[in-house]
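Reassemble the complex: the two chains are provided individually, in unrelated frames, and hints are given to aid placement.
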Amino acid sequence: MPTLANYLIVSGLVFSIGLAGVLLRRNILIIFMGLELMLNAANLSLVAFSRFHLGQDGCPRYNAQVLVFFIITVAAAEVAVGLAIIVALYRARQTTRVEDLDTLKF
Amino acid sequence: MNTVPWIILCAPLAAAAVILFVGRHSKPLSAGLAIGSAALGCVLSWWLFAQPDPVAPLKFYWMDFGEALRIPIGVTVDHLSKVMMVVVTTVATLVFTYSLGYMKDEEGYWRYFAGLALFLFSMLGIVLADNFVMMFIFWELVGLSSYILIGHYFKRDSAADAAKQAFIVNRIGDFGFLLGILFLWAATGTLMFGELVGRVGDFAENPIYLTVACVLLFCGTVGKSAQMPLHVWLPNSMEGPTPVSSLLHAATMVAAGVYMLARIFPILKEAPHALDVIAWVGGITCFAAALMATQQDDIKRILAYSTISQLGYMVLGIASAPTPDVSLFHLFTHAGFKCLLFLCAGSVIVGMHHEQNIWKMGALKNKMPFTFVTMVAGSLALSGCPFTSGYFSKDLIIAWAVEAHPFLGWLSVATAGLTAFYTFRLLFVVFLGKPRGEHAKHACESPAVMLVPLACLAIPSLIAGFPAIEKIFFHTAEPGRVPAFLHPVLLVLFAAGVGSAYLLYRGADKDPVSIPFFANRLYIDSGYAWAVKNIQDGGALGLSWADRWIVDLFVVQVPSKLAWACGFVLRFLQIGNIQAYAFFFGAGALGLLYLLIFR
Numbered sequence: 001m002p003t004l005a006n007y008l009i010v011s012g013l014v015f016s017i018g019l020a021g022v023l024l025r026r027n028i029l030i031i032f033m034g035l036e037l038m039l040n041a042a043n044l045s046l047v048a049f050s051r052f053h054l055g056q057d058g059c060p061r062y063n064a065q066v067l068v069f070f071i072i073t074v075a076a077a078e079v080a081v082g083l084a085i086i087v088a089l090y091r092a093r094q095t096t097r098v099e100d101l102d103t104l105k106f
Numbered sequence: 001m002n003t004v005p006w007i008i009l010c011a012p013l014a015a016a017a018v019i020l021f022v023g024r025h026s027k028p029l030s031a032g033l034a035i036g037s038a039a040l041g042c043v044l045s046w047w048l049f050a051q052p053d054p055v056a057p058l059k060f061y062w063m064d065f066g067e068a069l070r071i072p073i074g075v076t077v078d079h080l081s082k083v084m085m086v087v088v089t090t091v092a093t094l095v096f097t098y099s100l101g102y103m104k105d106e107e108g109y110w111r112y113f114a115g116l117a118l119f120l121f122s123m124l125g126i127v128l129a130d131n132f133v134m135m136f137i138f139w140e141l142v143g144l145s146s147y148i149l150i151g152h153y154f155k156r157d158s159a160a161d162a163a164k165q166a167f168i169v170n171r172i173g174d175f176g177f178l179l180g181i182l183f184l185w186a187a188t189g190t191l192m193f194g195e196l197v198g199r200v201g202d203f204a205e206n207p208i209y210l211t212v213a214c215v216l217l218f219c220g221t222v223g224k225s226a227q228m229p230l231h232v233w234l235p236n237s238m239e240g241p242t243p244v245s246s247l248l249h250a251a252t253m254v255a256a257g258v259y260m261l262a263r264i265f266p267i268l269k270e271a272p273h274a275l276d277v278i279a280w281v282g283g284i285t286c287f288a289a290a291l292m293a294t295q296q297d298d299i300k301r302i303l304a305y306s307t308i309s310q311l312g313y314m315v316l317g318i319a320s321a322p323t324p325d326v327s328l329f330h331l332f333t334h335a336g337f338k339c340l341l342f343l344c345a346g347s348v349i350v351g352m353h354h355e356q357n358i359w360k361m362g363a364l365k366n367k368m369p370f371t372f373v374t375m376v377a378g379s380l381a382l383s384g385c386p387f388t389s390g391y392f393s394k395d396l397i398i399a400w401a402v403e404a405h406p407f408l409g410w411l412s413v414a415t416a417g418l419t420a421f422y423t424f425r426l427l428f429v430v431f432l433g434k435p436r437g438e439h440a441k442h443a444c445e446s447p448a449v450m451l452v453p454l455a456c457l458a459i460p461s462l463i464a465g466f467p468a469i470e471k472i473f474f475h476t477a478e479p480g481r482v483p484a485f486l487h488p489v490l491l492v493l494f495a496a497g498v499g500s501a502y503l504l505y506r507g508a509d510k511d512p513v514s515i516p517f518f519a520n521r522l523y524i525d526s527g528y529a530w531a532v533k534n535i536q537d538g539g540a541l542g543l544s545w546a547d548r549w550i551v552d553l554f555v556v557q558v559p560s561k562l563a564w565a566c567g568f569v570l571r572f573l574q575i576g577n578i579q580a581y582a583f584f585f586g587a588g589a590l591g592l593l594y595l596l597i598f599r
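Protein chains in written order, with the numbering used here: chain A, 1 to 106; chain B, 1 to 599.
Please keep in mind that the hints were generated in silico from the structure rather than gathered at the bench.
Glycine included, each C-beta is placed from N, C-alpha and C at the ideal position.
Keep in mind that the hints are not guaranteed to be accurate.
To be verified - The calculated label-pair distances, taken between Cβ atoms and stated as ranges, are:
hint	chain 1	residue 1	chain 2	residue 2	range
1	B	R599	A	V81	33 to 41 Å
2	A	A5	B	L593	54 to 62 Å
3	A	R26	B	R599	15 to 23 Å
To be verified - To be clear about the criterion: a stretch of chain A counts as covered by chain B if any three or more of its residues have a C-beta under 8 Å from a C-beta of chain B, and this derived list gives those stretches:
hint	stretch
4	21-35
5	91-105
Just chain B, with the same shape it has in the complex (with noise of 0.2 Å):
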């Protein structure tokens, strides 16, 4: 019984090692080493699920100093991890299993499902670590991984930049995490989570120590969840494989930065202040990647853009709700459809022949008629359109922000209307009008295989969100106070999105809106770029000068001359005659002694 998890975690580590070494020589053996190990724990993690008493805990000790510092390897399993754990290798399996699809022609089979093994690996050790170094140790997996994957093709250019730039911009919200989990160490002495919870008293007479701690945390879920001002690498991430983007870049691994949150709850609720900044760094992202998703042209960016922004709602919902459960709620709809839309996506990818601009496609609804119902689904779910999962879990998170924070809740409400229009600008464009081009004209409809997960998906991004069924998975709560208008305001935006998406986009061939700003992202990356190549260039400058002139001129240059100079005037002792050498040799021993007796 308390194997079980245990199990849960290894399968996928071992199928990852079986693949690196014999997976090159056999397609199959890879693909199905890979979905074998995500099916086995999905089938333990819902039977792990339906099992009422807690289970015991199995740990061990990794590092052992005594009272000073003891590093366990140990899991926890409660509701947050059981109900984490359902969720990603349910997800996993299906992503596996497309990927048997889209990955049918590709180079690299066997390295592509080592990697996602992997990945699945060090998720699942995030969801089930019971202290902070197991989880940074896992946490810094996620993030190797992901390099891994992205990187696939790593033979482009831009896949190999977009794998760097998303492991170093990971790097600094890490470091600011692990300075978070050493603060926290320092004052309490523990890392486990269950003791930590107990020791937040600690704190009540310095809560500045305790802000400044939960906002470090807070880096590295700015980080991996892709928040502001570290989201760039993100939407650059869409380079790797699709199944790649959907699993890891929707639907499970950047919300690892909320299950943190989640996880550390307890502790958060005591720092307010640290609430407020992560209610403001929310909300504004929310916002501002709508905005971005907007003018996007690239099928997935503009997917990519509206991922940032429900995780956006999500970091927003952890700093208003009295409970970890309402985002969790979303971050558990979001999985389902999100992910669904994009493997729509990647269907749609497919039948273009990797065509990604969305003004070169078109028409698509009566060449791929599946990819179009379920990629409906999805945007309804995404769009929240009444009674789909998205309705539920975003409207809870919105109703909540409204109350703690009024005024980022009104502008998630303005998010939910910008959220309408660009999935369904996304829709008409893609699967409405005429073919844009030669491949729109000549797609066709991806193979079983790739539609199965779709179908799959698509159910529960339309049920999901159901009380009856939401009450299974979580303990969520409505606020008391909620404006009556609110959720009328909500339908009239919805329909608007939709609306004006429609008015606008049905038909068009070319972007008949033109927001630069939007489209230029804001210009957050150029304004990276101009900062690294003036600040990050100019400071590399300053320091090169100071190697050369400083370094290279007094720590080098100077005392090799000067050894070079007294060297040259010393050899004008050597003048080859042995017995003046031994004259030398007397004089020196002479003069020795004297200073030894007569000093």
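Same shape as in the complex, but just chain A (with noise of 0.2 Å):
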């Protein structure tokens, strides 16, 4: 029977492949889908408590189930924008990766 920490930790392991790919990787697509890692390992956590936190009834809270709903739908909409963005970036730069990004300095 696995426990909260082990939610907890696949969560936190899932957060920190898509931070490490956030600020490592060179290809923008990829980028953005380490973004999306990050907002599923926050999901996994809120659903985690949720069932792992019930109420007087014997009932998980389903306050955290909600807002992950909320949280996936928020995301979609997100990458519709954030693809939109980088098909229109590459159209002007014909390229993808970030180093050659560079012009938002002083």
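And the structure:
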């Protein structure tokens, strides 16, 4: 029987993998996927907290799970916008490598 | 019945408003509306004066904050305000009519008449006010209309400066007046004249408070009635058209200060030290202004200093006599003869093609006989010739002053001699001798529309002081112990003043007496100019230094340079690598998390 700690460890690992991907990978699409991983890690921990934190009637607290649905919905919208920006960026610069996108500086 | 005062008050305001909007298209309409509103007020005032019963006041609340503060707009119709309304509206009607002739060819005709109507409204507001706030509002409105009218020829720098000076100097006095009103309100919680009189007993434990409040209220009089040391604006206000000088700066507006003192007389009486201050200011003003008048060369300035001097008499009378009617009697006669003298001066100025220097006039007796006769009547009244109006009213004030403040009383006796001297100096130089310039040779009499008001004013100047007439308007009282030789001394001084003026100035081509100290107005004006130039400009220099080196340096420059320096250092973090930014962001978030949880 897995405990809350097991779920949180998995969630933390997935978040770290996502963060590492965002910080270290050079392809902007991979970075974007890293971002999605981090979101899903947060979702996982929320669901785990909900499952292991029962109310007085023995049922899980569903507030957290509802929040997760919101996050999934917003993330879907965010993916649509993000991919559109990446497509537009590629059309303008002919590249998806972040080293080439370095004009945002003094 | 109880709407009549409101009609008198509001008719000039309505006239001013209509003239403002449509007056520029029609000269007769502007003049007709202004004169009509004044004449209506005049007729109704006399009618009201003839009513024996007190008029029930009609009032409404302008501001109502419950028990804490109620400011009504209401009218007082008692004997005091009835007499004052009669004086103001009658003189105004005559001066408005006279203006038809004087302003015939001037520009800004409608502006002039709108200003006059606005002035009449404001002055009647002061007269009718039944509380301090309403009086203060109209007090300021009078200052505004005075500013507008003095600056009528605003294209001339001297007129614009004179208007500005009059306004600023009056504001200095009004500041004290406002403080005085707040002092009284803070102590009694009421601003109504009627209620204040009953509350004077509240001050029994703290007489100094009442003294300070009364002196502050008197500051309003010092400004508006041109007492020392704020008298400097009145002679300069002669830059305005002469009918304005006559109505505002001789007959009515400058008397507002004296009227205000009469209105609060029951309160003043409880503050003997404040009355001492008032007496000294009045007495010194009266004497010093007469000294200055003896050496002026401008016909209107001579009359202006004489106005200051006569206002000094009235203020001294308020402080000396047990009833304000003594001063109001002089206010009443003075309004007649001083208005007359100014209108005569205006007639002379028109005849001389706007030359005001008396040493360029001369021998106008034959050219302008009617003006000469009326001016003689006015001069006799001003200098207190026996059985003219000024004789009765001025001697009464002098008698009370001698009894209450012997030194100031004898100073005012000496002033009476000086008054006769400078008045007849003016008369002899302007009307006798020989012509001293081209304009004087070709001067001609003014039109009838200007001469009729002169006649209407000359008659009261001569007879208004007789006891039979005085009884109708005032309840004065004679002092008990007057030195028996006072009246003979005054007669001798009158004769000496006229005689010495005759000997010195008959046939003189230039002033045979030269006293620069008097001609330069005791150097008070230059003193103020020096003070403004050195003290005020010095203060401004200091403030400018503080602005440049304290405000600019420490409040503006230092923070701006600091922010710039921080930005300069921090911008090396902006390396353009998006992942570096994400790393900084993540590190910052971790740092915050650490601080939140582990500290």
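CB-CB spacing for L593 (chain B) and A5 (chain A) relative to the 54 to 62 Å hint: violated (19 Å)
With a Cβ-Cβ cutoff of 8 Å, does the stretch 91-105 of chain A contain at least three residues near chain B? holds (count 7)
Do the beta carbons of R26 (chain A) and R599 (chain B) sit within 15 to 23 Å of each other? Roughly 37 Å apart at Cβ, these two residues miss the hinted range, so it is violated.
Per-stretch coverage check for the stretch 21-35 of chain A, three Cβ contacts closer than 8 Å to chain B: Since 4 is at least three, the answer is holds.
Given the hint of 33 to 41 Å, check if R599 (chain B) and V81 (chain A) actually sit that far apart at their C-beta atoms. With a Cβ separation near 37 Å, R599 (chain B) and V81 (chain A) satisfy 33 to 41 Å, so the hint holds.
Violated hints for the displayed structure, listed by number in ascending order: 2, 3.
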